[in-house]
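**Q** Taken in sequence, the protein lines are chains U and R. Count the first sequence with the working numbering and you get residues 1 to 658, in order. Count the second sequence with the working numbering and you get residues 659 to 733, in order.
Worth flagging that the hints you see were computed from the coordinates, not collected in a lab. On a predicted model such as this, the values are computed, not experimentally measured, just so you know. Backbone N, C-alpha and C fix where the C-beta goes; we use that ideal spot for every residue, glycine too. Hints should not be assumed to be uniformly reliable.
To be verified - No more than 30 Å apart at the CA atoms, straight line, and that leaves these computed lysine-lysine pairs for BS3-like: (1) Lys732/R <-> Lys175/U; (2) Lys161/U <-> Lys147/U; (3) Lys732/R <-> Lys244/U; (4) Lys244/U <-> Lys727/R; (5) Lys175/U <-> Lys727/R; (6) Lys388/U <-> Lys727/R; (7) Lys722/R <-> Lys388/U; (8) Lys481/U <-> Lys722/R; (9) Lys722/R <-> Lys244/U.
Said to hold, decoys possible - Just some of the chain R residues that point at chain U, by a computed CB distance under 10 Å: (10) Val660; (11) Pro662; (12) Arg684; (13) Leu692.
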Amino acid sequence: MMKVVALAGNPNVGKTTIFNSLTGMRQHVGNWPGVTVEKKEGILEYGGEKFLVIDLPGIYSLTAHSVDELVARDFLLKGSADVVVNVVDATALMRNLFLTMEILEMGLKNVIIALNKIDLAEKRGIEINVRRMEELLGVPVVPLNAKGGVGLDQLKEAVSKMAAGELRTNPVVPKYDGDVEREIEHITTVLRDTKLADHYNLRWLAVKLLQRDDGVIKLVLRHLGKEKLDEIMGHISEVEERYKRAMDLIIASQKYEFIDRLMHRFVRYSHEGGETFSDQLDRFLTHPVYGLFALFGVFYVIFKFVFAIGLPLQGMLDDGFVAFGQWLAPHITNEALRGLIVDGIIAGVGSVLSFFPLVFLLFLSMSILEDVGYMARAAVVMERIMRKFGLPGKSFIPLVLAFGCNVPAVMSTRTLDDERDRIVTMLVNPLVPCSARLSVISFLAGAFFASNQALVAVSIYATAILLALVVAWILSRFVVKGEESPFIIELPEYLIPSWRTVTLHSWERSKEFIKKAGTIILLGSIAIWYLSAYPVEIGTGGSYAERLGTLFEPYMGLMGLDWKAAVSLLFGIIAKENVISTYGIIYGSVDEIVNAMTPLQAFVLALVTTLYIPCIATIGAIRAESNWKWAAFTVIYMIALASIVGILVWNVGTALGY
Amino acid sequence: MVVPLSEMGPGERGIVVNILGGHNARQKLVSMGLTPGATIQVLESHPMGPIIISVGGVRFAIGKGLAGKVMVRKL
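One chain only, chain U, in its complex shape:
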């Protein structure tokens, strides 16, 4: 079996860069079983041996408050790794060593510290005596500049040696003051007689009990019984009384004191740096007013870039699929098979796949912004505004992404660390009009409102965005349970992104989009093609789709629309641009569409197209990032919302004489 190497560390320490350098292109991204925390795995080859490298989620501690922390903690606790590489940022040693101490406190004997950003630390006058650090911590320390590719070979060598059992460690563990140590001693004595002693480090369990860690309390309860546990917890409360502070705070601050004392013996800060470039930039970019302008500027440029390159590519791909279908058609003699492949699979999957360039470019732009360090600033600027609608500033990014395509936008909600925030952001995401709906809106606005085209388009966008915010407010207040997440964001140093990391990352994420096209979109396309081709061809009035549309006619009538709209909207579920192309099939030409509807009807159709069921790809993405329940909920609430708005606008509009 391959030896397993796990990478653990705080966010923004360069873990991803190290992971990429170790594994090259041979990596795989999935989810940890049961949770939507990204799981990256890759193969490292060194000295003729292969290692499985696993990138644990970036975390600040192992307190298990977030899913990320739980995943990392369980992994380390189970002893699943043969070697644990703890990536430490040399420019923020104190904070980073906090996690190191938590890892060492678990009793792990197979930890290597990768001391990254050593070049940056030197520049800032931080002198680290690596030999001394190694001695004091009792584990090997490899200095690195991962971005510059310095020290990676030494790291690989250390990993391979440790895996082979050639490196001995004697890890230091934090010492607390007399009172706390007495408690730890007392608890370990009690636990020593239980089965827990076979599987866990007792000192670690004791410290976690002192911190009132939910998971550990439950674990101990099972082995010790309620009575003994209550006695221990009672003891802890007494100590807290004496300190007049919660035990988790006492432990944490003493841990930092311990780290501080250690650090004095191997780090020297030669000069206190003045205001850095980052500080000056932050003064501007996090400013409540200027920052907002900067934010809109940045996103304007990105959208210009993405659409300028992406839309022509999308058109080309779309044409390509159509041409491919036309070329293929004569080669298939069986009529039913030809219809299935050409009109069902190629046309359906193709129209969704043609959005791939947009998806990729959006992810690319976001990865760059992320790597540069701008995303944290964008979140800060938007925090105050988003919070009014029950969302954190961070969820601004997934909502903006949605203007391009809802699928990557839903996928990007992963960056939100609070579960409630993540679900709410995901559920309102499809209300933001994506580029596919832009094509419907602009077609209808152009055809029916020649003089007020822009105004009509803007009013539809505004309605959709407003509804998204209102729904977010309602959901976060009444539907999705959970308390408001505390707002604190680290502002990482501004850095020039590594192209390799950025492109690799964007590719990994947009690849999932293609995967979805292979499954859920494929099935949906086939189903809808079947409805339109049987028992007779669409356009004749007898196809299942048209019969289904007629069934909905009375309902559509409430919003001034007919069965044709019902059929078009049905096909729009595959991809929203289909709404117009279906009209095209039924009517035959654009002129006839224009003759068949009043401007008010067209307006209602555009509005309903924007608000009703998200496309299949988006539903699939929501299901993948949460579960079927939330995906179904999204479908239902959006149908309801679209109906209410449609009926309201139609009736008010007719009453006003439009």
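Assemble the complex: chain U is given as a structure, and chain R must be docked to it using the hints.
**A** Same frame as chain U, now just chain R:
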């Protein structure tokens, strides 16, 4: 003088003495290095926006609400 972090102005420094509030918020602050004993410097503070602080060489933006739970002895 001990004051909540939310009441400190730009340029002011202090040492964290206590963190009030619930377990959740406390743990988050502590793991990020805002713990009793840590030296904090306020970099920016706008009446309407969050506070930008520096702790142990790392910068954070922290909401006014959360900052109100961090008790700091001014230096």
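**Q** Give a verdict on every hint.
**A** Against the structure, the hints come out as follows:
Taking the CA atoms of Lys732/R and Lys175/U, the gap is about 28 Å. The hint holds against a cut of 30 Å. This hinted pair checks out: Lys161/U and Lys147/U have alpha carbons roughly 24 Å apart, not beyond 30 Å. Proposed proximity of Lys732/R and Lys244/U is supported: the alpha carbons are some 21 Å apart, at most 30 Å. For the hint pairing Lys244/U with Lys727/R, the CA-to-CA distance comes to about 16 Å; that is within 30 Å, so the pair holds.
A threshold of 30 Å between alpha carbons decides the hint, and for Lys175/U with Lys727/R the separation of about 27 Å falls inside it, so the pair holds. A distance of roughly 21 Å separates the Cα atoms of Lys388/U and Lys727/R; the hinted pair therefore holds under the 30 Å criterion. At most 30 Å may separate the alpha-carbon atoms for a hinted pair to count; Lys722/R and Lys388/U meet this at roughly 14 Å. Distance check on the hinted pair: Lys481/U and Lys722/R sit about 23 Å apart at the alpha-carbon level, within 30 Å; holds.
A hinted pair counts as satisfied when its Cα atoms are at most 30 Å apart, and Lys722/R with Lys244/U qualifies at roughly 25 Å. At about 14 Å, the closest approach between the beta carbon of Val660/R and any beta carbon in chain U exceeds 10 Å, and the interface hint on this residue is violated. A least Cβ separation of about 14 Å between Pro662/R and chain U goes past the 10 Å threshold, and the interface hint is therefore violated. Taking 10 Å as the C-beta contact cut-off toward chain U, the hint placing Arg684/R at the interface holds, the least distance being around 6 Å.
For the restraint placing Leu692/R at the interface with chain U, the shortest Cβ-Cβ distance is roughly 8 Å, inside the 10 Å limit, so the hint holds.
The structure does not agree with the numbered hints 10, 11 stated previously, though it agrees with the rest.
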